[in-house]
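Chains as they are written, first to last, in the numbering used here: chain A, 1 to 233; chain B, 1 to 58.
Some hints here could point you the wrong way.
Unchecked claim - A few chain B residues that face chain A, going by a derived Cβ cut-off under 10 Å, partial list only: (1) 27; (2) 28; (3) 45; (4) 46; (5) 53; (6) 54; (7) 56; (8) 57.
Hints listed in this document are in silico derivations from the structure and should not be mistaken for laboratory results.
As the structure is a prediction and not an experimental result, all values here were calculated from the model.
Using N, Cα and C, we set each Cβ at its ideal position, and we do this for glycine too.
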Amino acid sequence: MSGPTHPPLRLAPAVVTWVVAWVAGMILAGPLVAVAVDADFDSLATQDLAAVAASGWAVSIVVLVFASRRWGTGDFWADYAVRFRPSDVLGIPAGALAQFVAVPLLYWPLQQLWPDTFASDEIERRAQEMVDRADGWLVVLLALVVVVGAPVVEELMYRGLLQRSLMSRLGPALGLFAGSVWFALVHPQPVEYPGLLLAGLVFGGFVVATDRIGGAILAHAAFNAAGLAMALS
Amino acid sequence: MTLTYQYSLAQVWLDELAAERDPHAYDLCSRHGNRLTPPQGWQVRDRRRSPAIDLIAV
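The shape of chain A in the complex, shown without the other chains (with noise of 0.2 Å):
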């Protein structure tokens, strides 16, 4: 996974990409998996929130594979830039300070303003469902989704296909700023946008500084573990 980066997907087909992968995963795999395994969708225990997570991202790989080898070059790991550095560990201290100290400055002054809407436990919500829903081998698992498999697989679509084509289109700053507007808002509750445009502004900055994505995934991982280690705490 060290080899060159090629030209990423052209707009359209990452366009493509996403759409099906979204449909296809979180739509359609997603709430059927809830429903094979008899589970509530609105609040999933954490063994079928790693079912339906992990069916939603099987699928996402497989659309992944084919818009690779359908409108890419078929090197899955250049196509999307999967390479690691000895420097992206960088991506560590970048993503537990972006949860640490930018997260909560950027919400401070939201606070001030709008002290209901952005109330620290409505934008803690969903961290802590999933936190106390879990107990025992079940955290073991709750952190294997959120610290595993949603960095890795969120980052290859997100910054290695969406970001990528974005400043291909629109040039780096433009491309970084769209593509993480696009990361924030695909997730479930408004409150957190913001939080999340500044952590996907953080990953993606890995993205245009090195063109791969070893650091966005590092960053991520540590952002999602950290926040996880203070929702247990």
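Could you slot chain B onto chain A? The hints should help.
Just chain B now, kept in the frame of chain A:
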């Protein structure tokens, strides 16, 4: 911290300690406020300014 509530909304609010006394608000120490359990069906909204906010990007 200061606790207020509204029966009609089945809602409890926890805020930073109020600067002025109010007969409809109840000042609590952190230890007791953090262990507060609302009546069944009620919700607690903690509006105290937390220095940290846990956010998970999933």
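Structure-inconsistent hints, enumerated in ascending order: Violated hints (numbers, rising): 1, 2; every other hint is consistent with the structure.
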